[in-house]
Amino acid sequence: MSDTKAETKPQQKISAKVWDENAVPRHRIQWCPGCGDFGVLASLKMALTKLEVTPYEVMLVGGIGCSGQIRNYLNGNAFHGTHGGALAYALGAKMANPNLKVITLAGDGDTFAIGVENFVHVCRRDPEVMLVIMDNGVYGLTKGQHSPTHGRGMNIKEWSEESPPPFSPLRLAMTAGCTFVAQSFSGDPKHSAEIYVEAMQHKGFAMVNDFSPCVTYNKFNTYDWYKEHVEEIPAGHDPSDQNAAWELLNDFDRREKLPLGIVYRNPRSKKAAKRLPMWTEELQQADIKPLFEMFR
Amino acid sequence: MVIVNKLKLLVGGVQLRDGVVTVTDILGRILTRAGLHILAMERGYASTIYGAHQYDPIVIDEQPPVSWGDATLDILVALDYDTNPDAKEQPNRDTVLRHAKHLKDGGVLVYDSSTGEIPSDSFVRRGIKIFPIPARNIARDELKRDVVKNMVTVGALFRLLDFDRDATNLTALLEERFLQKGREIVELNLKAARRGLEVVESVLGAKGWADAGYRLEPRKLKEQMLLVSGNDALSMAAIAAGCRFYAGYPITPASAILEFMEEHLPKYGGRALQGQNERESIRAALGASLVGVRSMVGTSGPGLSLKVEEFGVSGVTETPLVIVDTQRAGPSTGMPTKSEQGDLFLVAYGGHGEIPRIVLAPATQEECYSMMIEAFNLADKYQCPVFFLTDLNLSEGRKVVPESFFLKQKVAIDRSTLLREEDLRRNGDFRRYTVTENGISQRLAPGTVGGVFKITGSEHDERGFVSTDPVIRKAQVEKRLRKMETYLKEDSKPPQVYGSTEGNPVLVGWGSTRPVLLHAQQALQAKGVDAAVVHFTRLWPFNTAAAKPLFAKAQTIIAVEGNFTGQFSDIIQTYCLLPVRRIVKYNGLPIYVSDIVGGVEQLLRGKTDVVRIGDAAPTPVKVSEGD
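The listed protein sequences correspond, in order, to chains A and B.
Our numbering applies: residue 1 is where the first sequence begins, and numbers increase by one.
Our numbering applies: residue 1001 is where the second sequence begins, and numbers increase by one.
Accuracy of the hints is not assured; some may be wrong.
To be verified - Covered stretches of chain A, as calculated for chain B (at least 3 residues, CB under 8 Å):
(1) 48 to 58
(2) 77 to 83
(3) 95 to 108
(4) 264 to 271
(5) 281 to 289
These aren't lab readings, by the way, just hints derived from the structure by calculation.
Using N, Cα and C, we set each Cβ at its ideal position, and we do this for glycine too.
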């Protein structure tokens, strides 16, 4: 994706090492050896370094589960609340202070099961927030129960209410009106980083579904399985063309392949927003007398 | 004898169609400007858009009324013109069927006689003066505009109250509202009012009555007065207190706060968000608060139940949030348009685990204002959920309050727990959850150069990194809950005491019932019973040190509550180790003076410890309602 590279700013560059400060030391990271989330972490650091963001202005909102722990594995302000709530906290944070780089980091269960109500409507609301979904098809932290993306690529003859087929995060995002729909693979962190850079520069809600294999509880969708099934989106694809995006998804489905790259990108015209008044001196000037008028 | 400037009036009719609130709104505005006091705390409506019975009782007085008193009415205005097919005596009106039994002997009944007259013998025997007004026919047939039928009634009402005979006040209000749409609309309305006046004069003439027995006289207005609801007052206060992010999901009776904020918050640089659900609302508000903006959510029972998970997030992440609960009758959907005090346990105990939390319950529109300012400072200082517990009657109830009251309220915005860049430079190492003696640690807004925070709802160390270390766990639990001790020491206020508690029955209440408790105290005194009133507006954490001594020498403790259990009674009993007897009411109607007086008399006779109000015969009209 050579066309996505941002131009290097002339100012002094933020050192990549800054992202290791104010974080859990690497040897204390509690992910299984080989966890896909390591790749996501590396890609995030690369992307933030490339964009020359400072940790002060970063607001990481983590979901519940292995993936959400990523917030503590790199520098930057971090928040972690309820299961399924990450995007809604991020929405409020971004509305309150548009100057922040708000990044939501969650799993597929958090985003598409318990948090799907937030996902769908955040796609509509379109806050300038990047969501990276660490998609592994299982609830790893609770020992491997099925998530909504479980069963990807499996040749199952009969489905049941208890075990329904997986659904497509990309299609849901498209349907819900997401203005930036992309997919990446943590087995290729450099490519993921390029996608994150694009996502963070997007003027709206950017969803990146990152295949992040669970090496302990998903023995089917392994690195090798993904390597066989992922395929970069061809250079000729026009992501601003919604029909082309749907056709691309259909084409990849037909060929039983998983697209990597930007499927759809079409920023919406939006009202400008400012940081909300919050400091005492900004608040004390408020004159509420005009409000009395309607009660006279 | 004519009663001047002291009456209770009820306007009733068919919801949406008859414009009950239009009439009471016009009355409210005009009488407020005429220097009279209004207290309208018992609005009754149904959770349907159209067709159910709606009513709006108003107390009018030249002094601020002590309370809404009793169900007893001086004047009943029935806007409904159609007959009730279920009623035995035909023709009849729902409003008359439901409320005429509360009319005082010698009272006044005004009704729309467009579809015929009602059987009047029983009213005449009670000395009730009846004014049949064919308002709908006048509007439809003479004036060719159905909508002005209420103006016919307003004109009739003003004439029989001998008020605004030259229509000066009415003209002013109509011009204010309709002149932009055209002079002819103002004239049409004035004509309608004149027709109402004429009908009343012909009734007076025909009956040979000199007057209706009641009169309203304008008073000299010493200062600007405002007619505000509890929701209005708390919304204005939130803006004054620096709230710049509000989120809510449509729910009765909290929606008015959302609408107010959507309209006015942007003028102050703020944003109001209609959540896609109750959870998105509170989560977005927590997100905004996390960023440093004073944030609030408002909801009612069912919505609050959905938000419970986030109480814990606010408590453990130590993210400030003001949560308004305009209580309505629960559980589940309950009675969405009826008031109750049933959520106290939910706000005091709701959620898994233990968190610091503060529960405030204002009694009046004035306190909705003053205590909301307090609520935001408490949220900032203690960094926990601060619940603001009102109820349907208080949140939608309207009252005349001098404008100067609001202007005089001191708004000192204290954000000292939120660090700035210069503080960080001075202090160096920032730890979000520093264990302190008072339990309070410093916060940081993201974007502040020189500091980074890690915040989590998981148990954590001082830096905010997840930890299950037993020593750290103990220290953090204690740090958080120690804030409640600090609150009790530094900020909680004792209950208000009226009268002597020594050797007397002590009536206890919380939230919106204070006016009626004080009214009942007067009524009891007239019967020779000296009772004290102890009223709480700071409910949680319970201030045992301030409360217990007040009860120590009481003859008996009687709590009056709008719920089945006696939720606050249980809390007092638990913390003060004293038996609390109860008068409880949960039938959807407001607590009346007679409920308390009768209840106290029954309890003093000693046969029982709990009086359950509302065993009178049910209303003789059955109309199904939606939800």
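Hint check:
1. 48 to 58: With 5 residues in contact (Cβ-Cβ under 8 Å with chain B), the coverage given for the segment 48 to 58 of chain A holds.
2. 77 to 83: Check passed, 6 qualifying residues.
3. 95 to 108: holds (count 5)
4. 264 to 271: With 0 residues closer than 8 Å to chain B, the segment 264 to 271 of chain A misses the three-residue bar; violated.
5. 281 to 289: holds (count 6)
Of the numbered hints listed earlier, the single one contradicted by the structure is hint 4.
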